[in-house]
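*Asks:* Chains as they are written, first to last, in our numbering: chain G, 885 to 1299; chain F, 1275 to 1358.
By construction, these hints were calculated from the structure, which means they are not laboratory data.
Note that the Cβ used here is the ideal one computed from N, Cα and C, for glycine as well.
Hints are supplied without guarantee of correctness; some may be wrong.
What the simulated footprint calls covered on chain G by chain F, stretch by stretch (three residues with Cβ under 8 Å from a Cβ of chain F suffice, anywhere in the stretch; the number is not a length) [as the list claims (entries may be wrong)]: (1) 1036-1046; (2) 1239-1253.
The calculated DSS-like cross-link candidates involving lysine-lysine, where the alpha carbons are at most 27 Å apart (straight line), are [said to hold, decoys possible]: (3) F/1321 with G/1016; (4) G/1291 with F/1289; (5) G/1266 with G/1193; (6) F/1288 with G/1290; (7) G/1225 with G/1200.
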Amino acid sequence: MAYSNKAKDFFSAELTGIRDAGTYKEERYIESPQGAMITVEYPEGAPQKEVINFCANNYLGLSSHPDVIRAAEEGLQKRGYGMSSVRFICGTQDIHNELEKKLTAFLGTEDTVLFASCMDANAGVFDVALGKEDAMIADRLVHASIVDGMRLCKAQLYNYKHANMEHLEEKLKETQECRFRMIITDGVFSMDGDIAPLDKIVALAERYDAMVMVDDSHATGFMGKTGRGTHEHCGVFGKIDVITTTLGKALGGASGGCVSGRKEIVELCRQRARPYLFSNTVPPVIITAANTVLDLISKTTDRRDLLEKNTLYFRKKMTEAGFDIREGVHPIVPIMLYNAKLAQDMARDLYDEGIYVIGFSFPVVPKGQARIRVQISAAHEKEHLDKAIAAFTKIGGKYTILGKSKKEIIELYGY
Amino acid sequence: MSEDLKKTIIDYVKKEYLEEDSEEDVDENTPLISSGIVDSFSMVSLKTFLEKKFDIKIPDEKATTEAFDSVNNIIALLTEFKVT
Ligand SMILES: Cc1ncc(COP(=O)(O)O)c(C=O)c1O
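Pulled out of the complex, with its shape left as it was, chain G reads as follows (with noise of 0.2 Å):
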């Protein structure tokens, strides 16, 4: 062992600056299983509490859905509990096979290839797809598994400002020699729940001879009138060259990614993407589920209709609340804060109430841009979202912010 004094301290030093710099991730308990309540101990060892859960990507409400547990508990009867294999020595069944193909079909591409989850698929899929010859175009605020799998891959880097198409122009025009060109971005940025205008991404995306790449993960299942994605609702469906998405999120919430797109790039991250290589193979459990996830979601748009309505609903009593929201039709509503502090102390104050919401500040969202994020689900009754407005108009007034705008939250908090 040589786990010197000299390491210790360092590490050590490391944790106190995260915890100085007030970045330091707590884990919460939860006691039950995921769903619109659910059963928490926070701090540890604090009895426990039931809250309304606002900050799980449960958008469809499957991740305890009845339907989606039988089909588990069958997948584990039929086809067990593990492969203990990748996925090209014996580690695909008959159910691996049906899940690609039932996600081929839901997205509108040619083919899919799962991965263990989709930050495994953005880790792989760059890599596979493009070389030093060609350029990465990414929309400056992806997620950081695209930054990561963007790192992987020897392309040119280049991005351009947060779903800005006049510099983007700039940089498929800069670029003009590369051989292949790929725009990158997200479908929906996780943070703001802003859509990415994929019309007009496709649209220079053919000007300008560049493939485009999206992550969906916060919109497969949902976005789009059948639910299909950001390219359903952004009228480009079947035009997405690369698709990655999770079924950690709206798709029951197990775990699990894909790359879905052109059947070439996708028979080429069988060969080479190195998580699809050199990682085991998604458990039975999880794609007879995911598979009765397709199936309940192809047959009938009623979850995410209701999801939609859910949404329409809080967003428009917060806004009459006198919340500063960014505007939008996504479930995930930011309710803007600005000053970092506030949004922890009203975020604590909700939890009291009943209210589990997270506050989010920098690093993960701009300095000066700290806000409350909740997340809307299919599962959420009328009477959780009612709870949920009341308790944030109750502590929007205590901390004097009802009806204020930006400029007036700053005065008030600063930033």
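Use these hints to put chain F with the ligand onto chain G, whose structure you have.
*Replies:* Just chain F with the ligand now, with coordinates in the frame of chain G:
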């Protein structure tokens, strides 16, 4: 230090990183990375710009967040490459 060089970099930073409606201003001492104006991911475009503009190659170990944290720091880095 040439005023032209300073202006070239400041202009680029403003155009590349500030939103049109931004109230922020940038001078040679403004912290860029530590202030959040340029995040470590977006820094690559600044590096690429300098490399193309001055026909140099900045090795990764020199392209630190400190070296890019202000226009003055960047100018100091560039002098190592005989750009003045
Ligand atoms: C946009 C985006 N991409 C990818 C991921 C990672 O997905 P997974 O949990 O499947 O690795 C997330 C989840 O945090 C995300 O928000």
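*Asks:* Given the hinted pair residue 1291 of chain G and residue 1289 of chain F, is their Cα-Cα distance within 27 Å?
*Replies:* With Cα atoms ~25 Å apart, residue 1291 of chain G and residue 1289 of chain F stay inside 27 Å; holds.
*Asks:* Take the region 1036-1046 of chain G, compare each residue's beta carbon with every beta carbon of chain F, and decide whether three or more fall closer than 8 Å.
*Replies:* Holds, because 5 residues of the region 1036-1046 of chain G bring their Cβ atoms closer than 8 Å to Cβ atoms of chain F.
*Asks:* For residue 1288 of chain F and residue 1290 of chain G, compute the direct alpha-carbon distance and say whether it is at most 27 Å.
*Replies:* holds (24 Å)
*Asks:* Checking one constraint from the list: CA of residue 1321 of chain F to CA of residue 1016 of chain G, max 27 Å. Satisfied?
*Replies:* Given pair residue 1321 of chain F, residue 1016 of chain G holds - Cα atoms ~17 Å apart, limit 27 Å.
*Asks:* Count the residues of the region 1239-1253 of chain G whose CB lies closer than 8 Å to any CB of chain F, then report whether that count reaches three.
*Replies:* It holds: at least three residues are needed, and the region 1239-1253 of chain G offers 4 whose Cβ sits within less than 8 Å of chain F.
*Asks:* Can you confirm whether the C-alpha distance between residue 1225 of chain G and residue 1200 of chain G stays at or below 27 Å?
*Replies:* holds (26 Å)
*Asks:* Measure nothing beyond the straight line between the CA atoms of residue 1266 of chain G and residue 1193 of chain G; if it is 27 Å or shorter, mark the hint as holding.
*Replies:* holds (10 Å)
In terms of the numbered hints stated before, the structure departs from none.
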